[in-house]
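So the sequences go chain by chain: B and A. Residue numbers for the first sequence follow my numbering, beginning at 1 and rising by one. Residue numbers for the second sequence follow my numbering, beginning at 1 and rising by one.
Hints listed in this document are in silico derivations from the structure and should not be mistaken for laboratory results. Treat the numbers as computed from the prediction; the structure is a model and nothing was measured. Built from N, CA and C at the ideal position, the CB exists for glycine as well. Some hints could be false.
[To be verified] Covered stretches of chain A (in silico footprint by chain B; criterion: 3 or more residues with CB under 8 Å from a CB of chain B, positions within the stretch not fixed):
(1) 40 to 48
(2) 105 to 114
[Unchecked claim] Result set (DSS-like, lysine-lysine): computed pairs, CA atoms no more than 27 Å apart in a straight line:
(3) B:Lys70 with A:Lys42
(4) A:Lys57 with A:Lys42
(5) B:Lys57 with B:Lys70
(6) A:Lys68 with B:Lys57
(7) A:Lys68 with A:Lys5
(8) A:Lys68 with A:Lys42
(9) B:Lys71 with A:Lys68
(10) A:Lys97 with B:Lys71
(11) A:Lys57 with B:Lys57
(12) A:Lys5 with A:Lys57
(13) B:Lys70 with A:Lys68
(14) A:Lys71 with A:Lys57
(15) A:Lys42 with A:Lys58
(16) B:Lys57 with A:Lys42
(17) A:Lys58 with A:Lys68
(18) B:Lys57 with A:Lys58
(19) B:Lys14 with B:Lys57
(20) B:Lys14 with B:Lys71
(21) B:Lys70 with A:Lys97
(22) B:Lys71 with A:Lys58
(23) A:Lys57 with B:Lys14
(24) B:Lys9 with A:Lys42
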Amino acid sequence: NAGVTQTPKFRVLKTGQSMTLLCAQDMNHEYMYWYRQDPGMGLRLIHYSVGEGTTAKGEVPDGYNVSRLKKQNFLLGLESAAPSQTSVYFCAAARDRHLPLHFGNGTRLTVT
Amino acid sequence: QQQVKQSPQSLIVQKGGISIINCAYENTAFDYFPWYQQFPGKGPALLIAIRPDVSEKKEGRFTISFNKSAKQFSLHIMDSQPGDSATYFCAARSPMKTSYDKVIFGPGTSLSVIP
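Bound-form chain A, shown alone (with noise of 0.2 Å):
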């Protein structure tokens, strides 16, 4: 139930063209869902992120749908550039009653643009 499952694997995608990526998950305690992107040799950054309150927040060529009662998420990439070629996490925050409030990362997505 702590588990957050991502698809594709790996995605090629040409330049110009939508990138997807699928997340899902179980725990319906999940109260925040960032995305992090990671360029090779480079530790994860924040790209954008959602609260389950909101369907859709968009940032530039980045989009986050939401739907919660599917408990699903998904990041589209809009006009995808070479420069997009990363590694993308999808993520969630369940909060605890400890002091720190557990963040599931799923496995990753290989993002490939080509020209």
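Just chain B, same shape as in the assembly (with noise of 0.2 Å):
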């Protein structure tokens, strides 16, 4: 039982590539979360999903967009990677909206 893989750990891209992040669940939950983290800001919400084939913009949407075709699965896709998008990414899970968010190992992007 994994709980909620990302992948990859680290990527380096340069301004204007395009990435696909990809977050895993084993635990059946319906809400998926993808945070970013950034020293001295906590953890904000870039996009949800509340079910397969659902998604929904978050606090800091702008330059990202997600697909939830599986139940599973949550992506996030960076089209025209900016240096501002520099950060650590964090896909989370709930059963439901109670909470609580069990978070994956994160997966740290540099902008260059």
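With the hints as a guide, dock the two chains, each given alone in a separate frame, to form the complex.
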């Protein structure tokens, strides 16, 4: 039982490149989230999903897109990476809207 | 009004001492206050949580104290150990009329427990 698994763990992109971050969960949870973590700013919600086939915007959605084609997977895409997107990205899952959040171990992304 | 303030930014405590991290909020609609613990290279993990109708909750060496009138809550770690060295985030949940209950995280406190 791995919980929430994120791939890749590290990635370096050049400005303008695109990439997709994959989150997979084996807990059969309905809710999934993408957060970014920056020093001194805590965790900020990018996008979330309340079930298969649904997505919604969080606090900082600009420059990102998501898809939830299967219940267990939640993908975060960057179409044209910018240096401001240098961050650590965390995926989380929750059984329902009532928490708690179960986090993956993060993807460290650097955009040069 | 949606902010959660957290202090101190960093904290150094001797082994066996008490670590205290404070948080404050403005929104009286917040209805759930979790604390998350994060070790280097790992994701945050739920440590302990409290609802505003309770003034204190204790789990082992970890205690949340909640002051509803002051809109403040704090985490106390008794008998702090080097293994407690981590970053701690307080958070608050605001129930929404949408399908998502907004969770606001504080900026985090880096705790170092020295032998």
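Checking against the hints above, which ones are violated? Violated hints: 6, 8, 9, 11, 13, 18, 20, 22 and 23; rest satisfied.
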